[in-house]
Amino acid sequence: MPPSVGVVVFPGTNCEHDVARAAESLGAAATLLWHGDRTVAGVDAVVLPGGFAHGDYLRPGALARFSPVMEAVGEFAAAGGPVVGICNGFQVLTEAGLLPGALQKNEHLRFLCTTVAVRVETTRSVLTGAAEAGAVLALPVNHFDGNYVCDRRTLDELAAEDRIVLRYVDDVNGSIDRIAGIAGPGGNVVGLMPHPERASDDLLGSSDGRVLLGSLLEAATARVG
Amino acid sequence: MRFAALVEVQLRPGIADPEGSTIERALPALGFDEVHRVRAGRSFRFEIEAPDEARARARAEELATRLLANPVIEDSRLEVCALGAEPG
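In the order they appear, the protein sequences are chains A and B. Quick note: the first sequence uses the working numbering, first residue 4, plus one each step. Quick note: the second sequence uses the working numbering, first residue 30, plus one each step.
The following block holds chain B by itself, in its conformation from the complex (with noise of 0.2 Å):
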């Protein structure tokens, strides 16, 4: 089977995020006062094969952190779904 992946990286909390915070410092310039805490990451999709949900989840897991994401200064986050129900 096929499932869909979506992996979220970010700096974990209390590394700073010097594209996070010049982002906010540009805020104020388009009005957007309200605006507090952004933090800056990426996301990646793929398509991965594996017998069940399961081990889909597990092997992306595996990529999430060995690969996708530098455990010394980024957390991920995982979603896995059958191909046609993917995260939004």
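Isolated chain A, as found in the complex (with noise of 0.2 Å):
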């Protein structure tokens, strides 16, 4: 059986679809989850997809994070289930607490639309499982909230723990160590501001999100047995 991923939908979520098509093209079963219900109905994996969800208002995520599904995502997280955020999804996850730091305004206040250079940085998280520590994708980011803070400390744990997945080539937007994606304690939490699945076909000018969402569906995979 395909391994089923489990898209969640947010009023203003706007790239749920992009993920369960780029998802299915990868092999896997793909199921849009609403976010007003308490469960994740069994899914081998969650992606909280890009987007503004409800309408980003007061800070992006803050408000997603009370949605009734959140409750259900982050049971999941705990018994070790793979969950994506993307853009939108990964400012939900700090938000939440699944993941720590914040993301605040681009530095210099610029919306970027555009593709960006990010390097795999480990391999050991559920999104560059089938990567190659080092190589350098081509990802397209969008997004106005994408500058990545964290306290001192929290940036060591993330380092010593080896919990910076992704980081920007060139700086883009003022994150702190150029951090484009990170993981969760157990690695299987992951939140990233490039799309991979705007990067999943070379019709849209890049395939090389595949393999990290190829990644994500192998760790599915793993938890089908």
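None of these hints come from the bench; they were simulated from the model. Keep in mind it's a predicted model, so treat the numbers as computed, not measured. We put the beta carbon where it would ideally sit given N, CA and C, even for glycine. All the pointers check out, no bait thrown in.
Label pairs and their computed distance ranges (CB to CB): (1) A:Arg41 / B:Glu48: 33 to 39 Å; (2) B:Gly70 / A:Gly100: 19 to 25 Å; (3) A:Leu206 / B:Arg84: 55 to 61 Å.
Please assemble the complex out of the two chains, which come individually in their own frames, going by the hints.
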């Protein structure tokens, strides 16, 4: 049986179909999960996709963390389930406390909509298990609040525990240590600002995101057993 | 009883404030060369029901730290008073 990926839809989410389609193109079964339901419906992996959950009111992700589905996502993550937050989904994961730090406005208040070079820093995460450490991927970014910040202690901890998953090759938004993606302590919860689903087919200009989504599906398959 | 609450949220000292710096950089063009250290923030006003002011304050404080501010990067400041004597 192919692994199933649940893609969470909040009001204002706008990348759910892109993620579902990319996952299906890699052989997974994709299900959309409504934010108002208190369940992840038995899926093998959860993706919080990009968009503007709850209009990004207050702060991106601040209201989404109180959506009923988030309790189920938290339990799924605590049980070792693979959870990936992309862009707005990364913001939701930090607001929900599933990942440390915060994403604040880009340096110079610049909205970014471009493709950037991102380096895989570790393969010890559900998003990079099938990638090669040091590989440089061309991935689209599309955000205003992608400037990752955390205190010194958290940064040292992330580095010491090999939880910095992706780094921008060049500084694009002011993120501390050029961080583009991080993992939680178990490596099963990952947040990243770039959009791998938008780099999942040569027709889109890059298929470099496939190795990331493929890694997630491998992690999901491992759970199917 | 009903109380009026004012919560001010600001980025913590040391956290870069691109909005504040952008405003500051624009000020000389308006002739405000004497203005420094601009920090942007936001404020929230609401009314809260509670048996007494201490309880109103405690609940409003919880709301401020759990939702209105992100304690990772922001500080909040709270004022609570009986309705009719709202903070300015």
